[in-house]
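Peer 1: Here is what each chain is made of, one letter per residue.
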Amino acid sequence: MIPATYRASFSYLLRHPWQLALSVIGIAVGVAVIVAVDLANASARKAFLLSMDTITGEATHQVIGGPSGVSENTYARLRVEYGVRAIAPVVEGMISVDGTSLTLLGVDLFAEQDIRSFTSQAQSADPAAPSDETLFSSFLITPGVVTTSARTAEQLGLAVGDTFDVVADGRSRQAELLATLASDASNNPDFLLVTDIATAQEWLGQAGWLSRIDVRVDDGNEAALDQLRAALPDGTKLLSAAGRTRSTVEMSKAFMTNLTAMSLLALLVGLFLIFNSVNFSVLQRRNLIGVLRALGLTRRQLLAMILIEAGVLGALAALLGVGLGIALGEHLLELVSRTINDLYFRVSVTSISVEPFSVVKGIVAGIGVALVAAAVPAIEATSYQPRLALTRSSLEHRARRALPTVTGIGVVIMAAAVLLIVVSGANLVAGLAAVFLLILGFALCVPLCVSFSSTLTAPLAQKLGGTIARMAVAGIASGLSRTGVAIVALAVAVAATIGVSVMVDSFRGSVSAWLDKTLQADVYTGALRGAMDPDLIDAIRNLEGVEDISTRKRAWVEDASGRTQLRVFDIPPEDFGGAELLDADPAEAWPAWQARDAVFISEPFAYQKSIGAGDSLTLPTDHGPREFAVAATFQSYDINASGVMMSRKTYARHYLDDTIDSLGLYLANGIEADDIVAQVENLSAGQQRLYVGSNANLQRESMRIFDRTFVITDVLYWLTLGVAFIGILSAMLALQLERAREFATLRALGMTPTQVGVMITAQTGIIGLLSGLASLPLGVVMAFVLIKVINRRAFGWQIDMSIAPSILAMSVAFAVGAALLAGLYPAYRAGQSQPAIAMREE
Amino acid sequence: MRHLLIGLAAFVGTTISLADEGEAPSQLADLLGAAADAGFARALEPREFVFPADHGPHPEFRNEWWYVTGNLDDEDGKRFGFELTIFRFALAPSVAESTSRWRTENVYISHLAITHVEDERFYVAQRYSRGALGLAGAQAAPFRVWIDDWSIAKRPDSDAWQLTASDGDFGIDVELRALQPPILNGIDGLSKKSAEPGNASYYYSITRLGTRGTIRIGEREYTVSGLSWLDREWSTSALAAEQVGWDWFALQLSDGSDLMFYSLRKKDGTQHAASAGTFLATNPNSSHLDADDVEITVLDTWRSPGGGAYPSKWRLAVPRFGLDLTVEPVIPDQELFTTVRYWEGAVDVDGTHDGAAISGRGYVELAGYAQ
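Chains as they are written, first to last, in the numbering used here: chain A, 1 to 842; chain B, 1001 to 1371.
In case anyone wonders, no lab produced these hints; they're calculated from the structure.
Hints are not guaranteed to be accurate.
Claimed, not checked - Quick list of simulated restraints, FRET-style, between CB atoms: (1) Asp162/A with Gly1307/B: 37 to 45 Å; (2) Arg246/A with Arg1177/B: 49 to 57 Å; (3) Gly1307/B with Glu154/A: 34 to 42 Å; (4) Asp218/A with Gly1307/B: 30 to 38 Å; (5) Gly1256/B with Gln227/A: 42 to 50 Å; (6) Arg1177/B with Asp234/A: 36 to 44 Å; (7) Asp218/A with Ser1254/B: 45 to 53 Å; (8) Gln227/A with Asp1076/B: 31 to 39 Å.
Unchecked claim - Partial list, derived from the structure: chain B residues whose beta carbon lies under 7 Å from chain A: (9) Leu1091; (10) Ala1092; (11) Ala1096; (12) Glu1097; (13) Ser1098; (14) Trp1102; (15) Arg1103; (16) Val1124; (17) Tyr1128; (18) Ser1129; (19) Leu1133; (20) Gly1134; (21) Leu1135; (22) Asp1148; (23) Asp1149.
What you are looking at is a predicted structure, and each value in this text was computed from that prediction instead of being measured.
Glycine included, each C-beta is placed from N, C-alpha and C at the ideal position.
With the sequences and hints as input, model every part of the structure.
Peer 2: Here it is, written out as structure tokens:
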């Protein structure tokens, strides 16, 4: 049986459904954001690892080569001369079908059984499917025959036997779906087309080369590994498969960490919100608490009652939040995986995978915060003398008395944040922790500021708007125990948006300026993936009006320490201005780069490796590891913090690869870029599909991609604002509803409903304004830390901070608007109430 | 779920066994026998055999194999049997031209089996590969047929061949020296498998190859010597619809004569009329054997732990040449659980030749029994 006291407590909640709903929604939304970001992050990561696992199969190691891959002769020699077994050749690349990117996995069925089983397992559901021997023989000898998972086939709208077009290496090819692959929970061959290695080589233009050789060696069989290493020619390396997967995932670590930080920001605002909701529900019942105390309930019993209630409420709301979070996570996941695809590696996620850990985290956060939020006012409420608990003034009195202490703690925390930034060197997590400390410390200082400003401005309000205005302003300070948390929540949320907006805006400005400087040619063209057709390059070079060309090539080289991106350029000297050298004299650095084994490194790369001009760098080459002099560091906002810029001549000396990805065209005076664009388009039509665009086009396109990668950031901060809005709404509602008697008194004293409404609206507006103003310094400081500390530590680049006044103005306007909106209903209610009834309530 | 490599089994099945993964034998025979692709050459007429050129591949035909079996002893008298078979199958008469060297119609499959008589152990390994990139292939000059690091190849220093194959646990590395010239089976090398024209192969054997080298089992290496037998056959045909398998005997007798006979089995278990063989007496002239020339009586059977039963002891009588032989496996279990299941093992021979007691050794292949 539920004790009468508990029923009293719950029935109070039930009699105030609005408040109950807002408390629940508050907790639920807070939990939802945490869960959603966590799930989206984890799912993207898991999907990637799973698909890597599927593709890697049982391989424990991989033999990799230089930019061109591993010579297929190496594979044949390993098998025939050295008798190495449990190895499988792989030719892998990206292709697209109807605009959908897919991984093409070219395999040799005969070698697959030791490495991957799914590639040779066709589904037999279809009775009309051809016989086994026909399947086998078609797979092997018919060009263009592919298999894929039933799910992917369905997504592409393909049935077994269909022929369809794929774009590989910029060329359109005809494919036929031979069969669908049997899949189970342990593998995930989605967004994967499996084909014979010959077809893969034909399509990807990789005749003679393998992407890698997959190797399976029993755990601990070092002798086998040594034997294999000894058999490998120079320039090929044997790396652990797990290590390679790890270093690929590592590339996205900074991005994931930042995303988690964003979710923590939402959590923080969520915490304020939950705290706010529960806090209110307890505060509002101080009368009931006083009565119960007077009736003889002990403090302990009361405390237990309040905490149990908060716990139950928290649990229910958290469950709701988890459900909401999973739904929200689905949408976030799409954004997260798109960003990862744009920036790092191919990840195909079809649905969110619900990680128990994320769910538990959300529930614990929900219940925990509800308990903490209830405990503070509960301890406070139960510590009063029974009679005192009934009075509101004593509560406010206490709150006010605590202000200096709270503020002092806030200042200390902020100081600790600054200290942490100074001492933590390049540690990203410490940097993020500092951001949170800053926010927390600042939050603790807000109530005192509000109190001060409302006290100070009350006389001014009187002058400007009369008694009603003065009462509105003064009421904020006198109701600080209720308004304080709401103002803080809104201020933190708005500050977060300022911080993030200023960061993104500054970043955008820096990238745009950098692009403007980097892109020097008039027209750019290149293969969408892979290398350009050499004949096409010649044809473009010979176009009338093209005076000069630069060539570029992006190549990945890899050794046990990870992957490094080489950017290989053959550029005319007049284009030398294109790279902003940060630490060397261009007059000396460029000739060294051009002529000798010297390279430039990108700023992020330099930061990551702690090297710069004058140092040396060892890179794996096709002839084994070689040392290169670092001639300079160049400015770069390439997100893969692994850029080494190398001249074509240097590259040619060290790598067996003469392919070119893209060209920059320099036009003669008076030649229109658009004309050349059209001519290049003509040349490539029916040949290799190329992208081609003028300088301006390319800049636009780059900025579009830049903006796209920040969509996730946008979404997260709108969510944060949403959370804050619910917080301010529930605070306003509770605040004003609770003051019903006060308003009734004012009505009884002769105030019209409109005047009361105006007063309430003015008060919420001022709360919004105060929140907005309070958010400005915090927002700017956050932006500074995000730009100078977090971005530098996460990605290594330096961004020039620029604060657009419009961002600040918008933020304050948002805070005021949100508060006003939240005050509308209470204002309406207060105006409608019957003074007599309202006054009798107590 | 089906394994694409099962498709491969179907191709192996045309030469080794028809009892493949529940596929109806008649269908298979249909697919790969009578309705064989028109793009391949067929064995219609006797042809002139030229050596060593014919040791090499005949890519215009669909199937081809190099089949070496032998009985060896080590210095302490320990007895071993071995089989190394390399098959070539063309999946099509040709493939589209390609920039990729991996594109080929030729598939190679190989089975290695070693019988350790004393331990009653039977070791089996198989390999398959496409005939491209030098991963597997066959060439006439210098003779070499290989798959991965398994090979039969002419030694650089002599006319002898070296046979090398090993798998983790076991292996063999022996020199093969022909003691006889190749003999042509069937009618001048044209071996008819049914009454239908073209349903035939070109078939020759070297019935005695002096063999010496080593066999490795685990850590132990045995120095061995003895006699081996080479069977070479290429064709575009398979079994006729009514045939379900065969029993093949290759026997080297103590008086210097050799006997090869294959008994094609019909669905009802009786012998097909196209069954045939060759008897090579001590003089170099070989004699063709018809189905009627040989009477085979099964004296015992062996049940495979994997299901199915194989004949396991025979009486072979060839009245035309005064032969009356009892053939018995050296150990009963010499079944290969490869992509296709079949039994192939070393046998002992006892009996009389024109009344005189003789003994012998050999190899027997039993195809189409495993279910």
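Peer 1: Is the hint on Leu1135/B kept, meaning its closest Cβ partner in chain A is under 7 Å away?
Peer 2: Interface hint status for Leu1135/B: holds (5 Å vs cutoff 7 Å).
Peer 1: Range hint 31 to 39 Å: satisfied by the CB atoms of Gln227/A and Asp1076/B?
Peer 2: Given range 31 to 39 Å: holds, Cβ gap about 32 Å.
Peer 1: Is the hint on Val1124/B kept, meaning its closest Cβ partner in chain A is under 7 Å away?
Peer 2: For Val1124/B, the interface hint is violated, since the closest Cβ of chain A sits about 15 Å away, which is over 7 Å.
Peer 1: Per the CB criterion, is Glu1097/B less than 7 Å away from chain A?
Peer 2: The hint is violated - Glu1097/B has no Cβ within 7 Å of chain A, the shortest such distance being about 9 Å.
Peer 1: Was the hint right that Asp1148/B lines chain A, CB cutoff 7 Å?
Peer 2: Holds, about 5 Å.
Peer 1: Do the numbers back the hint for Ala1092/B, that is, is its least Cβ distance to chain A under 7 Å?
Peer 2: Constraint on Ala1092/B satisfied, holds at 5 Å.
Peer 1: Does the interface hint hold: is Gly1134/B within less than 7 Å of chain A, judged Cβ to Cβ?
Peer 2: At 5 Å from the nearest chain A Cβ, Gly1134/B passes the 7 Å test, so the hint holds.
Peer 1: Let me know if the C-beta of Ala1096/B comes in closer than 7 Å to any C-beta of chain A, holds or violated.
Peer 2: Where the cut-off is 7 Å and the nearest Cβ of chain A is about 5 Å from Ala1096/B, the hint holds.
Peer 1: Within 36 to 44 Å or not, the Cβ separation of Arg1177/B and Asp234/A?
Peer 2: holds (41 Å)
Peer 1: Any CB of chain A closer than 7 Å to the CB of Ser1098/B?
Peer 2: With Cβ-Cβ at 6 Å, under 7 Å, it holds.
Peer 1: Are Asp1149/B and chain A close enough, Cβ to Cβ, to be under 7 Å, as the hint says?
Peer 2: holds (4 Å)
Peer 1: Against chain A, with CB atoms and a cut of 7 Å, does the hint on Leu1091/B hold up?
Peer 2: Leu1091/B check passes; min Cβ-Cβ to chain A is 4 Å, inside 7 Å.
Checked against the numbered hints above, the structure violates hints 12 and 16; every other hint is satisfied.
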